[in-house]
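Visitor: Residue numbers (numbering that gives the first Met the number 0), protein chains in the order written: chain A, 0 to 421; chain B, 0 to 342; chain C, 0 to 285.
Quick caveat, the hints were computed from the structure, so don't treat them as lab data. Glycine is no exception: its CB is placed at the ideal position from the N, C-alpha and C atoms. Mixed in with the good hints there might be a few duds.
Chain A residues, not near chain B, derived (Cβ > 12 Å throughout) [claimed, not checked]:
{"#": "1", "residue": "46"}
{"#": "2", "residue": "68"}
{"#": "3", "residue": "79"}
{"#": "4", "residue": "88"}
{"#": "5", "residue": "201"}
{"#": "6", "residue": "289"}
{"#": "7", "residue": "296"}
{"#": "8", "residue": "304"}
{"#": "9", "residue": "323"}
{"#": "10", "residue": "395"}
{"#": "11", "residue": "399"}
{"#": "12", "residue": "400"}
{"#": "13", "residue": "409"}
For lysine-lysine, the following DSS-like pairs were computed, each having C-alpha atoms within a straight-line distance of at most 25 Å [to be verified]:
{"#": "14", "chain 1": "B", "residue 1": "152", "chain 2": "A", "residue 2": "267"}
{"#": "15", "chain 1": "A", "residue 1": "64", "chain 2": "A", "residue 2": "361"}
{"#": "16", "chain 1": "B", "residue 1": "188", "chain 2": "A", "residue 2": "188"}
{"#": "17", "chain 1": "A", "residue 1": "228", "chain 2": "A", "residue 2": "289"}
{"#": "18", "chain 1": "A", "residue 1": "317", "chain 2": "C", "residue 2": "176"}
{"#": "19", "chain 1": "A", "residue 1": "374", "chain 2": "A", "residue 2": "140"}
{"#": "20", "chain 1": "C", "residue 1": "137", "chain 2": "A", "residue 2": "320"}
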Amino acid sequence: MFKAKTKVSVAAFTAVALAFAVGTAPANAAATGEIEVFSWWTSGSEDAALQAIISAAQAANPDLKITNAAVAGGAGTNAKQVLATRLAGGDAPEIWQTHPGGELQNYVEQDVLTDMTAVYESEGWNKVVPKELVASMTFNKKTYSVLTGVHRANTMWVSSAAQKKAGVSLSGSINWSTFKAAALKMKAKGIDPICLGDKDIWTAAQLLEALIVAEEGASGWNALLDGSKSWGSAGVKRAVKNFNEAMTWTNADHKALDWTGAVAALAKGTCGVNVMGDWAYGELLVKHNKVDGKDFTYATFGDANTFVTVGDSFVIGKTAKNQAGGVAFAKAIMDPKVQLAFNKLKGSAPVRSDVSTKTLGKYQQGAAKVLANGKRVPSLVHGQANVAAAVGQAYADSVTLLQANKSVEKFTKAMDAAIAAN
Amino acid sequence: MSQVRGKSYPPVKRKKRGGDTKAALLLLPSFLIVSVFVYVFITYTIGVSLAENWMPAKPSMAQGPDPFATYKNLFENPRFQSDLRNSFIFTVLFLLLTVIAGFFIALAVHNMGRTKGFFRGVFLLPYALSFIVTGVVWRWLFNPDSGVNLFLKYSGVASAYKSITGEELRPEWLTSATTVGDISALLEKIIPGGQYIQVEMGIPLALIPVVIATSWQLLGFAMAMFLAGLVSIPEELREASMMDGATGSRYYRSIAVPMLAPIAITTLVILTHVALKIFDLIYAMSGSGIGFATDMPGIFVYESMYKALKYNTGAAASIVMLIIVCIVVVPYLIHSNRETNGR
Amino acid sequence: METRTKKMYKNAHARHGKNSRRVQFIILCLLVPFFVMPFYVMIMAALKTPQYADVTTMWLPPSPFSLDGLQEAWGKLSPNLMNSFTMVVPAVIISSAIGSFNGYLLSKFTFRFSSVMFTMMLVGMFIPYQSILIPLVKFLQLVNLYGTTPGLILVHVVYGIPITTLIFRNFYVSIPKEMVEAAAIDGAGILRTFFSVIVPVSIPGFVVAGIFQFTNIWNDFLFGVITISDPTKQPVTIALNNLSGTQTVNWNVLMAGALIAAIPTAVAYLALGRFFIQGLTAGSVK
């Protein structure tokens, strides 16, 4: 009895002390000591973008030693593997990367995150970050992470050369019959209508997700995710049928290519469109030296004003030693100047609506506008939804099976079972 | 009577009991520390597999109402069924190719003169590469449009094939969704609970390029093992057998092969170990493949634990793999230990 | 002096051998391109710019030619190369030494539970390591070796013992028991016998154990990334893995890095391969 009481009062005291420390720290007091930043961004544009945050945080906190401990691979799974063992061993880093939604919730359940609600309030972030995004990072009225930027997963990149050759023009909101007509025209000219590199199944899963969102709309998609709508609904079934048809329009070697191979094919013009997150933008611009508008354009399956979000967020470890350092880093991430610098390199949209996007690429300006004003839905493929991580895995596995057995029935049944079980 | 370096010794019949116990004691430290790293950790893993909601920072071993539900769901999971099938087929094909080819290449290299070092180096070099990179390079090489199929095209083999059969010769390699020889019906009758089989139990053709890539990497090691054995065959034995009239293949069959048997066993065990745990190479080369054609238990454990955050499922899959290995490998090991003992 | 009969047989054998040797030589030469082909692709890709280091152009020589890949890879890998060396060399030596001693004990002595102990040591290793990472970390913390190079060496040594033991044990079964017993008669204990009789003829065993362990430990990613979290102390495989970003990959850098990371292992093979000499056990049995 006595022990329990002490436990509670110690916890309460710590919570109050922390809130006091975090909430009342003078806005420009620089943090000292060391912090470790743990992410899965290790090379190319992602590393450059991360360095933009690190150098800004370093400049604002000259006496703070920032160690960049990143581990690449498995679309973040390698990093999660390392993180799991570190958490099990009680050796949490100060800052680590995660996805808002179910993944974040898993960490909250394990009680390893520092509550950032007070910082959100003192810095006024609630006013400038879209409310669905804040909601995806808030559990039991406490907000636990900050976003660096938001990618869009349902962009359809179109090869200008390919569509010119086929005599089609795809832009804005594209419905299935329009796309089908264009695809057949492209096929007639010897162009693969769809570029796909699905050695890693997420790229195909992403295409299906875009098709489902197109058929079900934003509210339908949210209903599918929270279990209030069955995956056996007409919209989903239509989308799956369309997906099966789309699989006959892809490049023959799609299983042997990863996503960069598909983007390369699009850049060459051997295929027509590629549904890919807008990290492809940087790939097209920098690696393939393509010009926005001249060599490629973009459209969207379904409503062009629906933005499927892929946010990257960072959290502060509760048991990490340097809490003040962690908070300082979080503040650097949300700094408008840093938001601009980061997203310029990363290709995503700044999460703050008060960041001027004038200096960003043409595509990014458009994306930021849709993010601010359009309908935002979380991507299941990229672990953004407020569902258990196992549901995302079940979705990916179901798409793998779907490609082999083409059964709409089995797919919808499996998804309903996964949502129900989790 | 045996002679060692010119001295002759009568065979010793009496066993020194004291020496043997001492040997056991000297082996004990290794045995104990390996046991901790293996069996204590496995016991922990079994606990995780039976727990309801184990999490790294909240390692609760508390079990739900049906702790074995995790195992039941595992066997009914089409992905895990594919993994078991793939693991078995991959291991068998890989062992056959690597050990047999490794053996014959070792024999050939052993016979070479000045070029011995060159060949040894060339065949062993792939083993030096990291598995991840091997996977990527062979994925490129097996691309049906830009990889090794080009050799078929430009060497005239493809056109010859077309003129004979009237069909295009364009192997699909990793992009193939075909499974050859489905024995699900047979298995359903034999295995208890076989009615839950949901995948085609045959040979997924997409596994063949994976076998080739892994063999390419490990053949050099198998060759090195057999070379070590060949090099250790005392020269006198070879000369003595020559005197007895055994030349060429007769020598190999009656002298060399039996002497290489223990090395072959070692090679088989090590390569089985590699095959059952294969992960990096396949993950980089083909991922899980169409309809899980190339998925492996290692990948499943990795994704279950660290992507789906279902630690109990991943742990259960590991334990199942271990049990299967025990059932298959242990009798073989005991048998081979007895065979090679007391020489 | 060779007798005439022996010479006759030798000549017959040599003639027979010459023909089969020629055939074997041709077959080996035909196999060489198969083994070298992937290296060709890697080297070509390493010397290209990111845009052209791609699956569709893999056979073509670099145009434009670029050393950027090698430079960037070297810059990112070189700090960690020393970490790998300081970790791999002790681990290989210790695990091979222990393995050879264990192999000797298991092959030349029969004690009650030898077969059981040996089998248990071997079988437990078949579990996928992804699932025992967490108890492993907890154990390392218990003995205060978490996050340290000695801790990583310990992990590699312990997981290497079963296989090195297997290699040596099955290698030693072909050494006649009489050799060991002869030394015992001379009054040598277990250790003396090991060093004076067994070790001198173990060279090929050490070669294959060395090849296997060096490759295994040098190319290990999992234990390295889990045991050591400080990026400056991690082995080179983690740096190599990080050359491919999670979302963006420059293949030229990755291929260049893979070639660089493979060089120490290749050199180790060359060094160890010299010991594949016939006749090490010559004159030991009559």
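Visitor: Now look at each hint and say whether the structure bears it out.
Guide: Going through the hints against the structure:
1. 46: Fine: 19 Å to the nearest Cβ keeps residue 46 of chain A off the interface.
2. 68: 17 Å, holds
3. 79: Contrary to the label, residue 79 of chain A does not stay out of reach of chain B, its closest Cβ about 5 Å off (not over 12 Å).
4. 88: Given that some Cβ of chain B is not farther than 12 Å from that of residue 88 of chain A, nearest at about 9 Å, it is violated.
5. 201: For residue 201 of chain A, whose nearest Cβ neighbour in chain B is about 9 Å away, the distance does not exceed 12 Å, so it is violated.
6. 289: Nearest chain B Cβ is 21 Å from residue 289 of chain A, so the label holds.
7. 296: The claim stands: residue 296 of chain A keeps its Cβ more than 12 Å from every Cβ of chain B (closest is about 26 Å).
8. 304: Non-interface label on residue 304 of chain A holds, nearest chain B Cβ at 31 Å vs cutoff 12 Å.
9. 323: 22 Å, holds
10. 395: 8 Å, violated
11. 399: 6 Å, violated
12. 400: About 6 Å separates residue 400 of chain A from the closest Cβ of chain B, which leaves it inside 12 Å; violated.
13. 409: 9 Å, violated
14. B/152 x A/267: Holds, at roughly 23 Å.
15. A/64 x A/361: At roughly 37 Å apart (the allowed maximum being 25 Å), residue 361 of chain A and residue 64 of chain A break the hint.
16. B/188 x A/188: 51 Å, violated
17. A/228 x A/289: 42 Å, violated
18. A/317 x C/176: The given pair, whose Cα atoms are some 63 Å apart, is violated under the 25 Å limit.
19. A/374 x A/140: Judged against 25 Å, a Cα distance of about 23 Å means the pair holds.
20. C/137 x A/320: 20 Å, holds
Comparing the model with each earlier hint shows violations of hints 3, 4, 5, 10, 11, 12, 13, 15, 16, 17, 18; every other hint is respected.
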